[in-house]
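Number of protein chains: 2
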Amino acid sequence: MLTSPWIESRARITPHRIAIECGEETLDYAELERRARNVAAALATRGIQPGDVCAALLPNGLHFAVLLHAADLLGATFLPLNTRLTPRELTYPLGDSAARLLLHGDDELGEKALLTAGSAPGVEAQSIAALVGHPDVELPQRPQDPVSPFAILYTSGTTGRPKGACLSRSNFVASATASALHCGVLPEDRWLACMPLFHVGGLSILVRSVLYGTAAVVHERFDPVAVDAALDRDGITLLSLTATMLARLLEVRGSRSAPGSLRCVLLGGGPCPAPLIADAAKLGFPIMPTYGLTEACSQVATRLVDEAEPTALSPLPGVEIRIVDDAGKSMPSTHPGEIWVRGETVMRSYLTQRGDNPRPDGWLRTGDIGTLDAQGRLYVHDRRSDLIISGGENVYPAEVEAVLAEHPAIAEVAVAGVPDASFGQRPAAWFTTRSGTSDPSTEELTHHCRERLAGFKIPVSFRAVGQLPRTSAGKVLRRELRKIE
Amino acid sequence: MLTSPWIESRARITPHRIAIECGEETLDYAELERRARNVAAALATRGIQPGDVCAALLPNGLHFAVLLHAADLLGATFLPLNTRLTPRELTYPLGDSAARLLLHGDDELGEKALLTAGSAPGVEAQSIAALVGHPDVELPQRPQDPVSPFAILYTSGTTGRPKGACLSRSNFVASATASALHCGVLPEDRWLACMPLFHVGGLSILVRSVLYGTAAVVHERFDPVAVDAALDRDGITLLSLTATMLARLLEVRGSRSAPGSLRCVLLGGGPCPAPLIADAAKLGFPIMPTYGLTEACSQVATRLVDEAEPTALSPLPGVEIRIVDDAGKSMPSTHPGEIWVRGETVMRSYLTQRGDNPRPDGWLRTGDIGTLDAQGRLYVHDRRSDLIISGGENVYPAEVEAVLAEHPAIAEVAVAGVPDASFGQRPAAWFTTRSGTSDPSTEELTHHCRERLAGFKIPVSFRAVGQLPRTSAGKVLRRELRKIE
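Protein chains in written order, with the working numbering: chain A, 1 to 485; chain B, 1 to 485.
In case anyone wonders, no lab produced these hints; they're calculated from the structure.
Bear in mind the structure is a predicted one, so any value in this text is a computation, not a measurement.
Be a bit skeptical, because a hint or two may be false.
Said to hold, decoys possible - Now the in silico label distances, taken between C-beta atoms and shown as ranges:
hint, chain 1, residue 1, chain 2, residue 2, range
1, B, Val147, A, His16, 35 to 43 Å
2, A, Pro259, B, Thr352, 38 to 46 Å
3, A, Ser261, B, Ile389, 50 to 58 Å
4, B, Asp145, A, Pro146, 53 to 61 Å
5, B, Val252, A, Pro146, 43 to 51 Å
6, B, Asp373, A, Pro275, 51 to 59 Å
7, A, Pro146, B, Arg88, 21 to 29 Å
8, A, Ser261, B, Glu111, 52 to 60 Å
9, B, Asp145, A, Arg463, 20 to 28 Å
10, A, Pro146, B, Glu444, 57 to 65 Å
11, A, Pro259, B, Val225, 33 to 41 Å
12, B, Glu307, A, Ser148, 32 to 40 Å
No residue lacks a Cβ here, since even glycine has one placed at the ideal position from N, Cα and C.
All chains should be built: construct the whole structure from the sequences, respecting the hints.
Following this line, the structure appears as structure tokens:
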């Protein structure tokens, strides 16, 4: 699967299968290849060589998929940028990766791209519309290099400075095949992508589709009404969502059960409250909570379809997981420790390895906290950066959140540490209230927790908010919570 | 997927899924692993080391699967022997592979094994029943070597002397993943194995099941009535057959349509007559004719589920195919030539590479004849060894057979060359007659051919026979045809 560009192999084997649907447009693999060759030829005349970095500031859509494959045809590296960043923020990944071109559309993002390129030395802004329709040019034939970077993805940066994860072609192939064996794959699969394609979860849908010969149904943005309609109308078999998206989808869906075609809902972007999974399961949604990492090409561990326990995640075939203490020693499996991950899906290194995430023996230190049971199933407790240490005791926000999520009046909840003179930190909670119910009182919530948690884990304050601050990937921005008065 | 023995990884991830069903017995993966560890411990006490060859003369059944995984746990090489060979024939692969143990059951095959071991120097016969129930012993922990031989399979030997194809763990993993992407895989899959497990087609079902975490439903032998019943009763989703087996199954099935659970019928072991495929398709059987090779770990090219043309076979992902002339030059795709195959599924070499099948640049010269169309789809014409050269013209038996198979009175047909003073060779035909019809005359069949074939392709004789001579894999033994008077 690595000897020629993916779109070339795929268009040869199944030229007339649907590759991508977006809005009113549908491309089969032959047409997607034709457009990608077209753009690749235009990029080649602009001097793009194998190994050069082509950045893109593009919304979800056909241009994104065409450019992805054009870069692959040239042996170039694709750098999809987070469209929600400011021009000032965007200059960092462009400079760090020494990108040469910044491809953009002719919408307001195009203006942002022009502004960005103006302040990024050596980066030329290029409208992708001007590349389409380039006359056919013979592209140089060269075998693809399986270990050179296929894409660079900057991690979402909820903590510290973004880092460029270099993902190779073989990382993506390993991820696609492991996911297929874990979740199943059928030639008639149709995977709905309503998450940003610039994140690894969305990008993987495009790459898996071309490797599987299946269809990607791309929505420009997450709209729960549109997703709801697509489920019933478009024969969707696979769906990737965050917990927040799932909650909004269920609100729209009401009591209508999941369509029979839907085989798997991958739920990523952080822990999901168990009551939400239960609500979805009641409607027949095949929810598969997933622990994923940009650095491991998305899925690391995913609940199996026949797994009874909703939060028990099984490692994908070929992925190894260890739980390690601060001294780097493997923990007894029942004790929470740092999650380390190894396997063919894991990147070799960040673009500029800064020494803050060394990988002895190929192990990626994730910074996340979890346990493994005797059967090797992973339970994710929290992001290490979110760990609250209170009076010498560790408090894992996810545990407190799970308890509060059981309260009938609470829709969404996040817990973070706040400074405390006596204990160093104390947990505090921010929540949204279910529609049709009034805000519960602090007394009521404290009482609710007291029945279920040790004293040091009970939040010192509970604040009702309109919505929780989140990254574009759907992760709660805990440092932003503390700014809410 | 290569870091530990397959059964160990699988039993850890999905211990309670069904691994294998055979007759009244059902084993889940935990129990299959327990039995395999048991036998592995017993083999270790008998001195079996990594790299040693463990031969097996076993019928389809649980013992076969247990021994396969026991060998893998020890890093030993598994040599499944064709149970239909005579003791005299069996001594060749045992000697050629330097096998140390010959495992057998306590049936009549056991007696054959004892006879065989008696005349094979250095080979000890061992009843597998005596190994079961061995006390648990800690097995040495060592990483599996992906390129060392996992199994040695002697090719069926329709021509010349059998050769031992050395198939590595990575060959099998590549084959399993490529097949999954080509044909689809679901966690609830149940693959019916009614072909001999000692051939690559049957063995692959066991290996794929453990890699996929799916169930193998094993029949001791092909019985069309039993297969027919299993299709309706046992939720079979995948089925591997030869053309002859399919014909017999359809005879039993009558007008009952295929069950909705059946997703894919892999049809291997040689070309299949188009009318048979059409008959099966009318009943809703999803027939996927397959070109496979022992040397390439089974499937090389398989019809896609959405392929309109019944004999157009698409290469599996990652498999490369070339058509080459006698001088080793790539042919224009419309001209028949030798099929060469390359990819991660292809063995590195035969056990004793005899120089009669060199593999420049990793290309396996198959000896088979085919063409590729512009889309890269393979059409298999014939086994090269069966090519009839008549008066300087090439006659491909499969082409003549396909024409004769269209005759309403003919059930099965085979064509081979017979010596001819004037032309060197001339084609001749042997056939079986459909039940309820009388043998067609030579005049009638000659007339039938004359309307459809050039003169030099028309058989000089047509003989009605009770059945066609076949190998245990279902291939017609053409050299035996010529002995039929």
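Using the beta carbons of Asp373(B) and Pro275(A), state whether their distance is inside 51 to 59 Å or not.
Distance hint for Asp373(B), Pro275(A) holds at roughly 56 Å.
So the hint says 43 to 51 Å: do the beta-carbon atoms of Val252(B) and Pro146(A) match that?
Holds, at about 48 Å.
Could you say whether the range 38 to 46 Å given as a hint is met by the Cβ separation of Pro259(A) and Thr352(B)?
At 57 Å between Cβs, range violated.
Given the hint of 52 to 60 Å, is the C-beta distance from Ser261(A) to Glu111(B) inside that range or not?
holds, 55 Å
For the range 21 to 29 Å, tell me whether the beta carbons of Pro146(A) and Arg88(B) fit it or not.
violated, 48 Å
Quick one: are Pro146(A) and Glu444(B) within 57 to 65 Å, going by C-beta?
holds, 59 Å
Verdict for Val147(B), His16(A) (Cβ pair) under range 35 to 43 Å
Hint holds: Cβ distance 38 Å, inside 35 to 43 Å.
Is 33 to 41 Å a correct range for the gap between the Cβ atoms of Pro259(A) and Val225(B)?
holds, 38 Å
Range hint 20 to 28 Å (beta carbons of Asp145(B) and Arg463(A)) holds or violated
With Cβ atoms ~58 Å apart, the hint is violated.
Whether the CB-CB distance between Asp145(B) and Pro146(A) falls inside 53 to 61 Å:
violated, 21 Å
Cβ separation of Ser261(A) and Ile389(B), checked against the hinted range 50 to 58 Å
The hinted range 50 to 58 Å holds for Ser261(A) and Ile389(B), with Cβ atoms some 54 Å apart.
Range hint compliance [Cβ, Glu307(B) to Ser148(A), 32 to 40 Å]:
At roughly 34 Å between Cβ atoms, Ser148(A) and Glu307(B) fall inside 32 to 40 Å, so the hint holds.
The structure is inconsistent with the numbered hints 2, 4, 7, 9, although it conforms to all the rest.
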